[in-house]
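Novice: One letter stands for each residue in the lines below.
Protein chains: 4
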Amino acid sequence: MNPYEHIKIQAYEANMQLPQLGLVLFTFGNVSAADRSKGVFAIKPSGVPYEQLSPEKMVIVDFDGKTVEGKLRPSSDTLTHAVLYKHWEKIGGIVHTHSTYATAWAQSLRDIPIYGTTHADHNTVDIPCAPPMDDKMIEGDYEYQTGFQIMNALKERKLSYEEIEMILVGSHAPFTWGSTAHKAVYNSAVLEAVAKMAHITESVKADAARLKDSLIKKHFERKHGPNSYYGQ
Amino acid sequence: MNPYEHIKIQAYEANMQLPQLGLVLFTFGNVSAADRSKGVFAIKPSGVPYEQLSPEKMVIVDFDGKTVEGKLRPSSDTLTHAVLYKHWEKIGGIVHTHSTYATAWAQSLRDIPIYGTTHADHNTVDIPCAPPMDDKMIEGDYEYQTGFQIMNALKERKLSYEEIEMILVGSHAPFTWGSTAHKAVYNSAVLEAVAKMAHITESVKADAARLKDSLIKKHFERKHGPNSYYGQ
Amino acid sequence: MNPYEHIKIQAYEANMQLPQLGLVLFTFGNVSAADRSKGVFAIKPSGVPYEQLSPEKMVIVDFDGKTVEGKLRPSSDTLTHAVLYKHWEKIGGIVHTHSTYATAWAQSLRDIPIYGTTHADHNTVDIPCAPPMDDKMIEGDYEYQTGFQIMNALKERKLSYEEIEMILVGSHAPFTWGSTAHKAVYNSAVLEAVAKMAHITESVKADAARLKDSLIKKHFERKHGPNSYYGQ
Amino acid sequence: MNPYEHIKIQAYEANMQLPQLGLVLFTFGNVSAADRSKGVFAIKPSGVPYEQLSPEKMVIVDFDGKTVEGKLRPSSDTLTHAVLYKHWEKIGGIVHTHSTYATAWAQSLRDIPIYGTTHADHNTVDIPCAPPMDDKMIEGDYEYQTGFQIMNALKERKLSYEEIEMILVGSHAPFTWGSTAHKAVYNSAVLEAVAKMAHITESVKADAARLKDSLIKKHFERKHGPNSYYGQ
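Residue numbers (the numbering used here), protein chains in the order written: chain B, 325 to 556; chain R, 325 to 556; chain P, 325 to 556; chain X, 325 to 556.
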């Protein structure tokens, strides 16, 4: 049996959720699933249509971005995934999409303000928009630098990747992560829904107010933390 | 035979309508169905995906929020349902969703103005947005207090729960109710449609006028009241 | 054989297109199909869900609004249909919906400006929005008066029902018509698409210009008139 | 065997993608596929519903717009296709739709600004909106002149049809092209997605900034040019 079969299946299934959830057009997205004991992750091959995917086509890559197994070329965003896996030791899955509303916010270079409890159920802060990289970083090893750009944006806001599992890369599109590939896909769908609601909220009320702190705290703690009481 | 089977089936079927009507993402919603003769209601278990639901998984809870039967933990919003059943003696079903447009209005803290006959076919007033609770209520028994927040918002506007079967909880999301769980789901879908239309109406005309009284009266009475002539 | 079977089937099939085209929620719409040789039309029964419809359930009504055959009560909008059939001798089908974008324009009390060739392929003028009726008409025979309100709005703009097969009833929703029920449904879908595009056009450019006359003429004549060259 | 069968099949399959991708309502679109060795293209017959299409119904037309084979009348936009095939020697497919967001931008007479990497993955410039033709051209051989209007709009901006495979015809709707009919359909879907995102971007931030040059260059070269590394 192939030693990477479990993460190939995870990555395959998580990738297939993207079109089902309406988060991708054509091949504009990718998911990876890591096996930390082996120091590798399985990721979508570059540019292959979702309907042609299979677990066997997933590419196995190490945390330095080197292909370990697989006949196809891995996603062009592979180095961004590798950097994040290498530095964030507790994540098991990463998703990148160009989902419509989250991408529009990324293009506006604005953080998504926390306007309601749907947002607070998942994060306690505005969803950060990392600024575009400077030109040298872009001209250099772009996808590798994108990973650092994401990490730096969290650092500057003194946020941990465990507190917030989603970010907008300014002028580009969202990345999300989580303990598993499946959880990272969940976060992508949540981000898209929150982005759409925030857009409509501002349309309905131009100077809408951020959610007050007591509600942010309450809703986040309902689903997370020691006294959470959501789910089974 | 299980004495609660009829409301378990009602609650199950009504919950399954939410994803079919596009009113929920993942588990962001719940429906309950009451049996007043027994003083209990059946409600969705917390955090269980819709595709894994079955009538047997519904949890039976009394009007004080105490679980009467069921192995799973009931919806985290159960106490809100309990409070409303306890105080509003004629309702048989309650729905909570985070549907996109209704939630965006809730986040804007605005009532939804009555702009047309689609709205007036169901209500004669602007759809109220209850203000967010004060911090003490939020830090206390939050879901229980949400029930009172909803009741108080109607009282302050001198509205009866029989006149208006839907409300926005400010910064949060909508709740709807009705004589049955099925009717409450119907009201959720109507609210989402009305919320979307009101948003577009204001986009098309910033200072759109509320519907005039004669049309509000006419349309509401077509569907409701002693001389209604809609339906069979 | 039932003498009205052909129009019952036409009305049934045309009614079933409304949910398929995304033009109705629940029962918020109705289609009728006329047989002018018999002076009657078949129309959807009031408040019956689309999934429970069948040709046999269609109600046969004459042009004065009197039920000729059928066990169910006809659509609450039946008198509006009757008035239009009575006065507009060349139409064979009528549709009423509360489709999202067209209804939002009706709620804004604005005509839909002719912004592009999609519009001009079907009409040469802004799509009229009839003003709401005065209070006496509303309190009187409302649906009957709605028919006259539609006819008067065209008359005031010196438009013929053969030139323009769609209208917004202000504060209410759209009506469309055509030579057949099927054509009237087609017009409803076109109206909704044009209404959505016009809304986005104004969003993208606040002072968007109306289509120039030469393009209006060219596109309309491509599809209509003696030298049309669209279709087979 | 029919000498045109391969392009009839290509044109048929590409036409059928339009409704699947949500790019057309009814018959508001058409695709053609060329065989340059024979100097002809296969195109959708005019006004035939997609569900009634088959490869045999495609019409074969030469680059002067003369029908070579086929019982049905070709698309009313055939002359526009013919002009582009005649002058742009490297294209093998053309698509015309009235897709919602791209058409709204065309109606606004604005170019679509390049706001993000989704756009830059496909083009390095704002998507041009050709001005409406002058009245004489419109009253003359309209579809033929539309082809020249498209070519002239690129020329004036010093753009090559190989650099940019999509355009808005002002007041009308988009045209796209590519090496194959399939690629041209792909471009239509990309254009619609980019048009929607740009609209939301401006809604979220009225004075959104164009993407900076280094990112435009980087993203375009990832997918195109000698050092591209996207896909297999």
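Fair warning: there could be bad hints in the mix.
[Unchecked claim] Only pairs whose alpha carbons sit at most 27 Å apart, straight line, appear in this in silico DSS-like list of lysine-lysine:
#, chain 1, residue 1, chain 2, residue 2
1, R, Lys529, B, Lys547
2, B, Lys536, X, Lys541
3, X, Lys529, X, Lys479
4, P, Lys482, R, Lys529
5, R, Lys507, R, Lys381
Note that these hints are calculated values from the structure, not bench results. Note that the structure is predicted; figures quoted are calculated from it, not measured.
Novice: Under the criterion that the straight-line Cα-Cα distance not exceed 27 Å, is the pair lysine 536 of chain B, lysine 541 of chain X satisfied?
Specialist: Given pair lysine 536 of chain B, lysine 541 of chain X is violated - Cα atoms ~42 Å apart, limit 27 Å.
Novice: Within 27 Å, alpha carbon to alpha carbon, are lysine 482 of chain P and lysine 529 of chain R?
Specialist: holds, 26 Å
Novice: Take the C-alpha atoms of lysine 507 of chain R and lysine 381 of chain R, compute the straight-line distance between them, and say whether it is at most 27 Å.
Specialist: Distance ~22 Å between lysine 507 of chain R and lysine 381 of chain R Cα, so the pair holds.
Novice: Taking 27 Å as the top limit, are the C-alpha atoms of lysine 529 of chain X and lysine 479 of chain X close enough?
Specialist: violated, 32 Å
Novice: Is the straight-line distance between the alpha-carbon of lysine 529 of chain R and that of lysine 547 of chain B 27 Å or less?
Specialist: At roughly 40 Å apart (the allowed maximum being 27 Å), lysine 547 of chain B and lysine 529 of chain R break the hint.
Checked against the numbered hints given earlier, the structure breaks hints 1, 2 and 3 and satisfies all the rest.
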